[in-house]
Every structure is written in C-alpha cells, then in structure tokens.
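Under the working numbering, think of the first position of the sequence shown as 26, with each following residue one higher.
Just to be clear, a hint being listed does not mean it is correct.
Claimed, not checked - Below, simulated DSS-like cross-link-like pairs (lysine-lysine); rule was C-alpha separation at most 25 angstroms, straight line:
#	residue 1	residue 2
1	LYS191	LYS180
2	LYS35	LYS179
3	LYS35	LYS180
4	LYS35	LYS191
Hints were generated in silico from the structure; no laboratory data involved.
Just so it is clear, the structure is predicted and the values come from calculations on it, not from any experiment.
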Amino acid sequence: MKDPFPEIVKNRRSVRCFSEAHIPDETINEILSLAAYAPSSWGGHPVEFIVIRDRETMRELARCKQMGAGPLAYGDAAIVPIIDKRNLELWVEDAAVASTYLLLAAEYCGVAACWIHMKGRRGHTNMAEDDIRDLLGIPSHYGILNAVSLGMPKKPNEPRENLSAKIHYDNFGGIKQ
Numbered sequence: 026m027k028d029p030f031p032e033i034v035k036n037r038r039s040v041r042c043f044s045e046a047h048i049p050d051e052t053i054n055e056i057l058s059l060a061a062y063a064p065s066s067w068g069g070h071p072v073e074f075i076v077i078r079d080r081e082t083m084r085e086l087a088r089c090k091q092m093g094a095g096p097l098a099y100g101d102a103a104i105v106p107i108i109d110k111r112n113l114e115l116w117v118e119d120a121a122v123a124s125t126y127l128l129l130a131a132e133y134c135g136v137a138a139c140w141i142h143m144k145g146r147r148g149h150t151n152m153a154e155d156d157i158r159d160l161l162g163i164p165s166h167y168g169i170l171n172a173v174s175l176g177m178p179k180k181p182n183e184p185r186e187n188l189s190a191k192i193h194y195d196n197f198g199g200i201k202q
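Take these sequences, add in the hints, and give me the full structure.
Next comes the structure, spelled out in structure tokens:
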C-alpha cells in the first residue's frame with residue numbers, strides 16, 4: 026500500500042462550505058485521538074479539546090469574532106483547543122501544532138476543516154478569546170489560540186499545483202553546491 030501521508034498533506038485545504046451530511050461521533054473521536062499525538066513542549070501534551078455539536082452554540086461561537094468565523098456557524102462540529110497557560114511558556118506553539126494535527130487527522134478521516142484564528146482578534150464585545158471564554162465557561166488561565174470548524178465536504182478538493190519550498194543552504198541565499 027502506498028503511504029497516504031503525502032496525499033493527506035497535498036490534499037488538505039481550508040474548507041469554508043460544508044454539505045449537510047453528519048460527521049459520526051466515532052469519526053470525531055478518531056480525529057481527536059490522532060490529534061492527541063501532536064508533539065508538545067517538554068512532552069507534556071497540555072492541549073485539551075472542547076467539542077461543540079450544538080448548532081446554537083456553534084452560531085454563538087462564530088459571533089465571538091468580528092469577521093472570518095462564519096465556517097464555525099455552518100459546520101457540523103467545532104473544536105476549540107485550549108491549554109492551561111500556568112507554567113507553560115510555549116502554549117501558543119503547542120496549540121498550533123495540535124491544531125495542525127487536528128487538521129491533518131480530519132483530512133485523513135475524509136472530513137473538511139477550517140482553522141479560525143482567535144488570539145488577538147476583536148470579538149463583538151471584547152477580544153475573541155474573552156468572548157469564547159465567556160460562552161464556553163473556560164477559566165481565565167486557559168489560552169485560546171483558535172477554533173476549528175469541521176464538516177463533510179460538498180465536493181472533492183481541486184488538485185493543487187505542485188508547490189515547492191524555498192530553500193537556502195548554509196545561509197540566506199545560499200545554494201546547494
């Protein structure tokens with residue numbers, strides 16, 4: 026069998042429109058189980074996940090950010106990664122890596138996903154993180170970097186052009202000899 030990882034990486038997109046199909050709870054659990062393997066600072070695995078399936082709560086979550094959070098209202102589920110920031114200097118990095126694993130796991134499971142950035146963004150009454158904290162009852166010592174909207178795709182992703190990394194060898198502008 027061909028290794029699916031390169032195809033998962035190449036096919037993953039930020040999907041903002043979803044079909045009406047329901048994501049089974051078992052699939053959500055598999056996505057979260059895979060995301061739990063994300064590397065973290067000091068190997069502490071500090072990320073926790075709040076899974077939201079209630080439609081009204083998802084609509085309220087989307088309203089926690091002034092603009093760009095619409096997919097949270099239209100998906101079949103939303104996941105908010107949170108981290109207890111006490112004694113954890115690298116919480117933003119840990120949340121970002123866990124969220125990336127979440128996105129790749131969703132692609133692996135055939136679920137469309139979209140990262141919605143929240144940290145440092147304006148909400149409708151306060152900052153987006155504060156509005157989310159109020160909505161979901163998250164204690165103030167937890168950091169909120171983003172939310173992820175999940176849904177079943179309406180159509181397959183279009184093939185992506187071949188992308189390549191910009192690589193420098195030994196220093197900026199260095200070329201491989």
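Hints versus structure:
no., hint, in the structure
1, LYS191 x LYS180, "violated (31 angstroms)"
2, LYS35 x LYS179, "holds (19 angstroms)"
3, LYS35 x LYS180, "holds (16 angstroms)"
4, LYS35 x LYS191, "holds (17 angstroms)"
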